[in-house]
Amino acid sequence: AQSVTQLDSQVPVFEEAPVELRCNYSSSVSVYLFWYVQYPNQGLQLLLKYLSGSTLVKGINGFEAEFNKSQTSFHLRKPSVHISDTAEYFCAVRRSNDYKLSFGAGTTVTVRA
Amino acid sequence: DVKVTQSSRYLVKRTGEKVFLECVQDMDHENMFWYRQDPGLGLRLIYFSYDVKMKEKGDIPEGYSVSREKKERFSLILESASTNQTSMYLCASSFLGPESYYEQYFGPGTRLTVT
Numbered sequence: 001a002q003s004v005t006q007l008d009s010q011v012p013v014f015e016e017a018p019v020e021l022r023c024n025y026s027s028s029v030s031v032y033l034f035w036y037v038q039y040p041n042q043g044l045q046l047l048l049k050y051l052s053g054s055t056l057v058k059g060i061n062g063f064e065a066e067f068n069k070s071q072t073s074f075h076l077r078k079p080s081v082h083i084s085d086t087a088e089y090f091c092a093v094r095r096s097n098d099y100k101l102s103f104g105a106g107t108t109v110t111v112r113a
Numbered sequence: 001d002v003k004v005t006q007s008s009r010y011l012v013k014r015t016g017e018k019v020f021l022e023c024v025q026d027m028d029h030e031n032m033f034w035y036r037q038d039p040g041l042g043l044r045l046i047y048f049s050y051d052v053k054m055k056e057k058g059d060i061p062e063g064y065s066v067s068r069e070k071k072e073r074f075s076l077i078l079e080s081a082s083t084n085q086t087s088m089y090l091c092a093s094s095f096l097g098p099e100s101y102y103e104q105y106f107g108p109g110t111r112l113t114v115t
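Going down the list, the protein sequences come from chains A and B. Its first residue numbered 1, the first sequence is counted upward by one per residue in this note's numbering. Its first residue numbered 1, the second sequence is counted upward by one per residue in this note's numbering.
For the record, the hints were derived by calculation from the structure and aren't laboratory data. Each hint should be verified, as a subset may be incorrect.
Stated by the list, open to error - Restricting the straight-line Cα-Cα distance to at most 25 Å, the calculated cross-link-like pairs of lysine-lysine (DSS-like) are: (1) B:K18 x B:K71; (2) B:K71 x A:K100; (3) B:K55 x A:K100; (4) A:K49 x B:K18; (5) B:K3 x A:K58.
Stated by the list, open to error - A partial selection of chain B residues facing chain A, derived with a Cβ cut-off under 8 Å: (6) G40; (7) I60; (8) P61; (9) Y64.
Heads up, the beta-carbon is just placed ideally off N, CA and C, and yes, glycines get one too.
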């Protein structure tokens, strides 16, 4: 079995400040990792993914994430947020021998001017 | 662009009604998924299908069934709706192929209220 833990349910942040969203997972097999974003009243959109190779992955809208195998983490970062980054962010994990995703509970980011 | 569409954005039904939620994708994806999304619980998989007429239970299948008669269409059925099925329902699809294609593409969601 695998589980995904997003350590912060709510993250308030001021515009142009940096933000980090934390994600930890547990799995007995190798995994593929994803971050999705859900803007208000919309479906989920892929921000970035880690499949293999470099542990630092860059995604859309200036986001990046780092895979740390020893700490089983995949934290998402953005150096300077905009009001438009206000959304809910989901970390998701897929086992290498499966096509199902397991999602974390989500982190709501609210960016204030 | 991949497009996943869901038949309704908002739906209100009464307890005991049979409810159909429809999902259509236009990218010839083999895999299709139904999730429900609840605050503080993230997305939980209800059912998925990896081929026409094939289905597998997800984590919370109780009270739901699915139908996939055509590759592009995946229906979620609530046989007898109950108030605890009030939720946001999200459909997704993905290729069954090289690992880089296992990304799931999501529809806009259907917010179902059962009264």
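Quiz item: Given the hint that K55 of chain B pairs with K100 of chain A, does the C-alpha gap stay at or below 25 Å?
Solution: holds (13 Å)
Self-check item: Pairwise hint evaluation, K18 of chain B against K49 of chain A, where the allowed Cα distance is 25 Å at most
Solution: violated (38 Å)
Quiz prompt | Minimum beta-carbon distance criterion (8 Å), I60 of chain B to chain A | solution = violated (13 Å)
Quiz item: Quick one, is the P61 of chain B hint okay against chain A at 8 Å, beta carbons?
Solution: This hint is violated: P61 of chain B lies away from chain A, its Cβ roughly 13 Å from the closest one there, beyond 8 Å.
Quiz item: Is the hinted pair K71 of chain B and K100 of chain A satisfied, with a Cα-Cα distance of at most 25 Å?
Solution: holds (18 Å)
Practice problem: Classify the hint on G40 of chain B as holds or violated, based on whether any CB of chain A lies nearer than 8 Å to its CB. | Solution: Constraint on G40 of chain B satisfied, holds at 6 Å.
Practice problem: Take a quick look at whether K18 of chain B and K71 of chain B sit within 25 Å of each other, Cα to Cα. | Solution: Satisfied, since the Cα-Cα distance of roughly 23 Å is no more than 25 Å.
Quiz item: At a threshold of 8 Å, is the proposed contact between Y64 of chain B and chain A supported by beta-carbon distances?
Solution: violated (16 Å)
Quiz item: Under the criterion that the straight-line Cα-Cα distance not exceed 25 Å, is the pair K3 of chain B, K58 of chain A satisfied?
Solution: Since the Cα atoms of K3 of chain B and K58 of chain A sit roughly 24 Å apart, the hinted pair holds (cutoff 25 Å).
Comparing the model with each earlier hint shows violations of hints 4, 7, 8, 9; every other hint is respected.
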